[in-house]
Every structure is written in structure tokens, then in C-alpha cells.
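Engineer: Throw the hints in and build the complete structure from the sequences for me.
Residue numbers (my numbering), protein chains in the order written: chain A, 1 to 273; chain B, 1 to 273.
Check the hints yourself; a few may be wrong.
Since copy identity is lost for identical chains, a pair holds within one copy or between any two.
Listed next, the in silico SDA-like pairs over lysine to any residue satisfying Cα-Cα at most 25 Å (straight line) [what the hints assert, rightly or not]: (1) 105 / 3; (2) 197 / 136; (3) 45 / 5; (4) 105 / 199.
I should point out that these hints are in silico values taken from the structure, not numbers from a laboratory.
There are 2 protein chains.
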Amino acid sequence: MTTRTVFFVSDGTGITAETFGNSILKQFAIQPRHVRMPFIDTVDKARQVVAEINRTAEVEGRRPIVFTTLVDPDVLHVVKEECRGLVLDMFMTFVEPLEAEFGMKSSHRIGRFSDVAKSQEYHNRIEAINFSLAHDDGQSAKNLAEADVILIGVSRSGKTPTSLYLAMQHGIKAANYPLIPEDFERNCLPSALAPHKAKCFGLTIAPERLAEIRNSRRPGSKYASLENCRYEVAAAEALMRREGIAWLSSTHKSIEEIATTILRDIRPDRLVY
Amino acid sequence: MTTRTVFFVSDGTGITAETFGNSILKQFAIQPRHVRMPFIDTVDKARQVVAEINRTAEVEGRRPIVFTTLVDPDVLHVVKEECRGLVLDMFMTFVEPLEAEFGMKSSHRIGRFSDVAKSQEYHNRIEAINFSLAHDDGQSAKNLAEADVILIGVSRSGKTPTSLYLAMQHGIKAANYPLIPEDFERNCLPSALAPHKAKCFGLTIAPERLAEIRNSRRPGSKYASLENCRYEVAAAEALMRREGIAWLSSTHKSIEEIATTILRDIRPDRLVY
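Structural biologist: Written as C-alpha cells, this is what we have:
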């Protein structure tokens, strides 16, 4: 497979540009070598970036690919005019048609996070992370009334990473609560959850996959056996069905896909972008 | 401020498109109303989306903005040709010049996560999240040799969210360890960290901001007092300086900015995109 050097040049962290650029590059049978160039916010820094890109072009004998999300026109100008890479401008490409559509100029203001310490949105995100950590794995039944969503499911069905992702990415206060054999014997939801049933969302998982995951942590245990996994998953699904709780299977889904599906379902009022 | 309805139409989660689109919209003095349309992977679903967009256009008397990251040409065609919104195509806009540059067609394969259960990269990410959770706040000194980075700093300097973010977004095994008054009295790093000094990275914070954060959790305590925060921060910085540990101030930085700076400094071999 051909390799190609790909630069991500941003005046901020460049994380979005890199994630997005990478999903585009995955459409091609090439092996990208990533070089991140974050916090490029002056003409001087842009010149240094250009020098490195041009050096790479020379050494490799091939144009590097350069994804940019530069907001400052002067900084962008240096990269666009002076570098010998294929520049894909992820910012101005969309800002220009929007300026025409809205009949106004864009602010060319750098960074989403300039006033992080003062931002309510950011404060909510950190609060949500703290909440989700404090309410991981049924650790605390306190303040469940504050939760935006409570994920339930058997051990290792994907609740913890999903809760943390919802908090981190979307500022959602996501608690999670395990369904355990005692719940299946009593044949009802853990009592702490009963008043909050409307906010519960279930995760299930194929027993074969669950056994695999559990075996990598506790090899050969009854907990990890396929038989026990089959029992727990069937019992958890029966319980959720009876209680009228929506659920999805995490077996073939990423954290992002699970989180997106949950958000579509619970439609919280408050969402951080 | 003008409001405008903005649709994010994706065949996957649309999270990247929404984050990215939102950072572009923040350049304008408009109030966007977000509508997410994830998992649009058939022509039929595309027609439903188009119907909703066109209904919105009619009701509001203004073109909605439509960010798309559709990969399937047939699905994209329906949205581009039939909808009465301003379509900003975040996918083909960049795929076309890359096809020309690489001299090959793109695969038009949907989704980054199609084989999530089998992907090594995904497995590493989940492992990293579990590692970071198990090594939050100095909970365990076991397996610190496995850590890619160990964040240190006084209580509430931002270690926990940063560790989780590094794990979640980049698959980095990030432990974190608090620096506490006992460490300042003994005047050296916690002994568990001594063998791993090369992997330590410090977070510091302005005492005024620290007092604010601590006061919102334990109002009026000695722990939260400005005097104590000043002492702890000065002692932690002196300790890190003496031990030769790089650090940054989290005071005005977002989790993303802190994480990006750390990655630039530690340059781990292994990075998930």
C-alpha cells in the first residue's frame, strides 16, 4: 500500500480536523502517516509548518496532503500560497457559501474554547463527567434524579465507556447500573431505579461476545462461561421487555454509535455540541 | 440574533460532522437549531430526510443549512438534487481532489466502525478506558509500567477528565496520581511514581481558579481556601521543577487543548485516530 504523509494544520487542537480527515482517508487504499500541527496561530508558525511540509515533499518526492482548519486569513494565506502540498481547506470551503447565504461576514474568531474557565457549557461538561464517574456501575444511588439517562445491562455490556462518552462529548449526565443475578431472581429492577424507569435505557450484547470479553478478564470463571452469559443476557432482556425499557445491542457497535442511538431515543433538552 | 435550522445528515453517527459544522457556524452571529439525522444509509431514508428538510424550509420561509457526510453516491444524490436547503457536502468536496491526487477511486465504504468487535484499534481504546478508570486518582500503583503517560498534580487540577479523554479519543493509557500535602512535606514524588518519572506529566492551575473549583464542592473548607490552594500549587510546581517534570497550566484550557499539548510533548508511538 502506498504511504503518504498527511499534515493536519490547525490554530486549535486540530482534533476534529484529524478525525474527519482520517475518515476521508480511510476511503483510499493508502497508508497515511499523520503529522499533527496544532496551535498554529501566527504567520511565523505558519512559515515553520510550510518549511516542514516542503522538506517532506522534497524527501519523499510526492506531494503531502495538507488538511487545514485555519481561521485567520493571513495564516491561511501563507499555507495556501507557499506550501508544496495538496491543501484541503476545511474551513473557508464552507465559510464562503455560508457568508453568501447569511449575508454577513464570518468573525474569523479562533477556537471554540477561548474562555473555557468562564463557559457554562464547559462547566456542564465537567460536571457531567464527574457525575458519570460517581454513578458508574451502580456506585451510588444518590442524585439519580439529576441523571439525564441511566444505562442498565449485565456486567461488561458496554455501559461504562458509553456513560463516559455521553458525558465527555455531549455533557449528558449518564449514570449506569448493572443488572445482576439477584435482580433476575427477584425478577424486577433494582429498587433504586424504580422511580427513574422513564430515564433507563438498556444495553444488551450477544452471549458469545460477552463470554469472550469476560474471559479476557476472568479466564475460565463461571462468570465468563458461555452458559452463564446466555442465562444473564436472556434474563436481562426478559426483565427490560417486561418493564418496557428500550434497549439496543452493543455487540457490533462502537461507543459513538451506541451513544448516538441513545440520544436519538431519549432526546434530552440539553445537549452540548 | 437570526435563528437557522441546521441539519446534519450522515450515514454514520454524524458526530464529527456536527462538531465540525458547529465550529464553522460559531463564526456567524446566528443561533443554529440543530437537527441530527444519523444512520441515513438508504435512498428511502434519504427521501424521508429530504421531506423533513423541505417542510422546514416551507414553515420557516428560509433555506435550512444541510451539512452532509454521506458516502454512498445514490443516497447523496437524493439529498443534493431534491432538497431545498443549502447543502454543504463535507465528504465528496475532499474525496474528489484526493481521487485525482492518488490516481485511484475511493471505496465508498460507509462508516469507520463497521467491524468494531474485531478491530484491534477499538479493542485498544476500550482497554485504555478501563486502564485509565482503574488508575484514576492514584487508585492503583499496579501496572503503572503499562501506562503511556501518568498525569500528576494537586487535587482538582484537571487530571481525571484529561486522562479519560486521552483514553477515549486516542487510546492512550493515561494514569493519574494526585500530589498531596504529604508529598510536599517529604519533598519528593510519591514513591510509586519514582520508577516512571519519564512518563510523568504535570498539570498545574491558578490558585484563584482552584479555590473556586474546590469551593463549589466543599464550600468554606480549609481544602478550598485560597491560602491552602496557593500553598499546594506553589509546592507542586516546586516539586515538579526539581524533578524535571514538564507541566502545563489547565486554568484557561479545555480538556482537548490540554490533551493535545500533552500528546505533542510525550509523542507516544501508538495513537488511535
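Engineer: Does each hint fit the structure? Answer for all of them.
Structural biologist: Here's how the hints hold up against the structure:
For the identical chains of this complex, residue 105 and residue 3 are inter-copy neighbours only, at 16 Å across copies versus 39 Å inside a copy, given an alpha-carbon limit of 25 Å. Taking the shortest Cα distances, residue 197 and residue 136 sit within 25 Å of each other inside one copy (17 Å), while across copies they are farther apart (30 Å). In this assembly of identical chains, the alpha carbons of residue 45 and residue 5 lie at most 25 Å apart only when taken from the same copy (19 Å versus 37 Å across copies). For the homomeric pair residue 105 and residue 199, neither the shortest alpha-carbon distance inside one copy (43 Å) nor that between copies (46 Å) is at most 25 Å.
Against the hints set out earlier in the document, a violation occurs for number 4 only.
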